[in-house]
Amino acid sequence: MVTQKEPKVISRTSEVDADYKWGFFTDIEMDMAPKGLNENIVRLISTKKNEPEWMTDLRLKAYRYWIRLNYEEPKWAKISHPPIDFQDAYYYAAPKKKEDLPGSLEEVDPDLIEAFNKLGIPLEEQKKLTGVAVDAVFDSVSVATTFQKQLEEAGVIFCPISEAIEKHPDLVKKYMGSVVPYTDNFYAALNSAVFSDGTFCYVPPGVKCPMELMTYFRINAEGTGQFERTLIIADNGSYVSYLEGCTAPMRKTNQLHAAVVELIAEEGAEIKYSTLQNWYPGDKEGRGGVYNFVTKRGKCAGRDSKISWTQVETGSAITWKYPSVILQGDNSVGEFYSVALVNNHQQADTGTKMIHIGKNTKSTIVAKGISAGKAQNTYRGLVRIQPGAENARNYTRCDSLLIGPNCGAHTVPYIEVKNPTAHLEHEATTSRVSEDQLFYLMQRGINEEDAQYMIINGFCKNVFAELPFEFAMEASQLLKVSLEGTVG
Amino acid sequence: MVAPLLEVKDLHVSVADTPILKGVDVTINPGEVHAVMGPNGSGKSTLANVVAGRPGFVATQGEILYQGQSILQMRPDERARAGIFLALQYPVELPGIRNREFLRTAFDALRESRGEPKIAIRDFNKMLEAKAAELDLDPDMMKRNVNEGFSGGEKKRNEILQLSVLDPKMALLDETDSGLDIDALKVVADGVNRFRAPEKGILLVTHYQRILNYITPDFVHVLIGGRIVRSGGRELALELESRGYEWLREEAPAEASA
Numbered sequence: 003m004v005t006q007k008e009p010k011v012i013s014r015t016s017e018v019d020a021d022y023k024w025g026f027f028t029d030i031e032m033d034m035a036p037k038g039l040n041e042n043i044v045r046l047i048s049t050k051k052n053e054p055e056w057m058t059d060l061r062l063k064a065y066r067y068w069i070r071l072n073y074e075e076p077k078w079a080k081i082s083h084p085p086i087d088f089q090d091a092y093y094y095a096a097p098k099k100k101e102d103l104p105g106s107l108e109e110v111d112p113d114l115i116e117a118f119n120k121l122g123i124p125l126e127e128q129k130k131l132t133g134v135a136v137d138a139v140f141d142s143v144s145v146a147t148t149f150q151k152q153l154e155e156a157g158v159i160f161c162p163i164s165e166a167i168e169k170h171p172d173l174v175k176k177y178m179g180s181v182v183p184y185t186d187n188f189y190a191a192l193n194s195a196v197f198s199d200g201t202f203c204y205v206p207p208g209v210k211c212p213m214e215l216m217t218y219f220r221i222n223a224e225g226t227g228q229f230e231r232t233l234i235i236a237d238n239g240s241y242v243s244y245l246e247g248c249t250a251p252m253r254k255t256n257q258l259h260a261a262v263v264e265l266i267a268e269e270g271a272e273i274k275y276s277t278l279q280n281w282y283p284g285d286k287e288g289r290g291g292v293y294n295f296v297t298k299r300g301k302c303a304g305r306d307s308k309i310s311w312t313q314v315e316t317g318s319a320i321t322w323k324y325p326s327v328i329l330q331g332d333n334s335v336g337e338f339y340s341v342a343l344v345n346n347h348q349q350a351d352t353g354t355k356m357i358h359i360g361k362n363t364k365s366t367i368v369a370k371g372i373s374a375g376k377a378q379n380t381y382r383g384l385v386r387i388q389p390g391a392e393n394a395r396n397y398t399r400c401d402s403l404l405i406g407p408n409c410g411a412h413t414v415p416y417i418e419v420k421n422p423t424a425h426l427e428h429e430a431t432t433s434r435v436s437e438d439q440l441f442y443l444m445q446r447g448i449n450e451e452d453a454q455y456m457i458i459n460g461f462c463k464n465v466f467a468e469l470p471f472e473f474a475m476e477a478s479q480l481l482k483v484s485l486e487g488t489v490g
Numbered sequence: 008m009v010a011p012l013l014e015v016k017d018l019h020v021s022v023a024d025t026p027i028l029k030g031v032d033v034t035i036n037p038g039e040v041h042a043v044m045g046p047n048g049s050g051k052s053t054l055a056n057v058v059a060g061r062p063g064f065v066a067t068q069g070e071i072l073y074q075g076q077s078i079l080q081m082r083p084d085e086r087a088r089a090g091i092f093l094a095l096q097y098p099v100e101l102p103g104i105r106n107r108e109f110l111r112t113a114f115d116a117l118r119e120s121r122g123e124p125k126i127a128i129r130d131f132n133k134m135l136e137a138k139a140a141e142l143d144l145d146p147d148m149m150k151r152n153v154n155e156g157f158s159g160g161e162k163k164r165n166e167i168l169q170l171s172v173l174d175p176k177m178a179l180l181d182e183t184d185s186g187l188d189i190d191a192l193k194v195v196a197d198g199v200n201r202f203r204a205p206e207k208g209i210l211l212v213t214h215y216q217r218i219l220n221y222i223t224p225d226f227v228h229v230l231i232g233g234r235i236v237r238s239g240g241r242e243l244a245l246e247l248e249s250r251g252y253e254w255l256r257e258e259a260p261a262e263a264s265a
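First to last, the sequence lines map onto chains Z and E.
Position one of the first sequence corresponds to residue 3 (the working numbering), numbered consecutively onward.
Position one of the second sequence corresponds to residue 8 (the working numbering), numbered consecutively onward.
Straight-line Cα separation of at most 25 Å, PhoX-like style, residue types lysine-lysine; simulated pairs: (1) K207/E to K193/E; (2) K463/Z to K125/E; (3) K150/E to K482/Z; (4) K463/Z to K150/E; (5) K463/Z to K162/E.
None of these hints come from the bench; they were simulated from the model.
Kindly produce the complete structure, drawing on both the sequences and the hints.
In structure tokens form, the structure reads like this:
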């Protein structure tokens, strides 16, 4: 048990913007690399993490590719922001630790434990979330992973990716970059060069992971980018449900978050991946907030495999993210359920890609976009049926809800069919919260804010239904908090 | 003498800048059922909606008093919490909101406004099931989204279920009988009659006198061209049944009969 000392966590919430209750900052001694990015920084990150040479080489390859892109970020998304100075950021920030390796909780700074407590993610033994194993990532480093022992008994590996590189190099070598190569896009290249930490998970053949796995990402230090790397492998006939939550302190400057997530489902395996993304969205005038530029992709590598993405995106100043599925194995299934809510000056350009390669592959896309304030929300999706994908099926549904006169909703669906046996359905709607619905609820005694929230929650219902129960409740709450002040 | 529940005084109402009601007076005392009848477009529904505070129905002159207090400045939810209930002519679909949760949220909102604690979910569901059975509604409908995929008759019975659960003081029923077959009509009428009590008031807007065979009104008002042209008892409805509205239209002022 940690000795309880006066926590140093400073709440600065009220000073900046009282609407974002996760906006506190933890004053903690950090180990930081100098500002800027060059080969030496990449080497330094690798050294800091005691990485083997092959990993250092991979990072350098990615870095050299990235530098050739000449700071040319992708420009096709419907987002706008001032140019990002990639040399004006810290690429490595870690809370100073007494020991080098994450081990028992006794070694974790109590300030960090307190910080996660405030976020509703208790890490101490007696307070742990029931039935959920948590990997807590603070800035660049994983600070604690709960339930390690129980998972080990089931044969499940769930650990920081830095630890996996050291302890399970064969698995990492085999799978890392196999779904999202560093050449995939600008941010994937950047991430591959400087990724700091993230989560690794391997579920052995035939094992149903005995609990939900969760990573909680927290950006804390100022001027740092967060580049986490997640790799989840479900071996033949296994099952795993994984959740991620994200928050950041409120800052007047923008912070970059460029993650890469790779999922691999082997034959008959299933991965369910749920996200509650609540990075700091910036203030009402659009100052500050996180740039969330994320590459997430899963590969249904084996027959009869399934990958399901569910995301609830309420945070970030800008979200640029397309969790996708490559349906390679015959009879494999890909799903994407999304709620993206933008308010004030937030921008979201999000959607999915379903790439049908195997026979009898099926995909489902349900995307709900909610726009309020002066925010812009874009659904961008691609359904591609490759020539060999006999009898492929896709169902797509995109609904947009507008609140107020100054926001926007855009739907950009791409469909490419190269096999005549394919069957695709696409439905899309754009609507406003109807005055009749609002009146109906209010006529029954429900106040306007609650009525509006009920209507919006109802709009998101079939996406929330895909989330594990506790997270569905939390998602509902997030929605409510994010919409506060949009009524009237 | 008991204080009136609802007093509508010289009420003028416009919808989209078009005058619809042109000076209506109605006083409803506790225990009374008032039927408002009239041809299409006469302003019957407008009367019910303006009392409930529906946006778009603008009172340009006159007054609405509920339990002696003016309610014109009150929001629809405030009026509802004060005890005014409107059964909608066209009940609205609420995608993703289950009937049960919708009603419980409303029920709790009313309780909260009276300073009472929230009801236990189990107790509420039990009560809801019993009330749904009274209205011959499938218990499964409580788990379905509000009015989504309901038949016309189911929607109307669902309105009366809400009346029964929320138990207001003043019920405004806007053509709740229209579109119902005879069996459904009886079920709805039974529901309204169960609600009827010495402390309650009912304003029943209807196009046909048929429902008045089952719900006996204390007063019948005939609304034509935005004015009440005739008030009477039960027998007035029967007279309308045999004679239509034409003879009264002639009695209405010329500019109102347009």
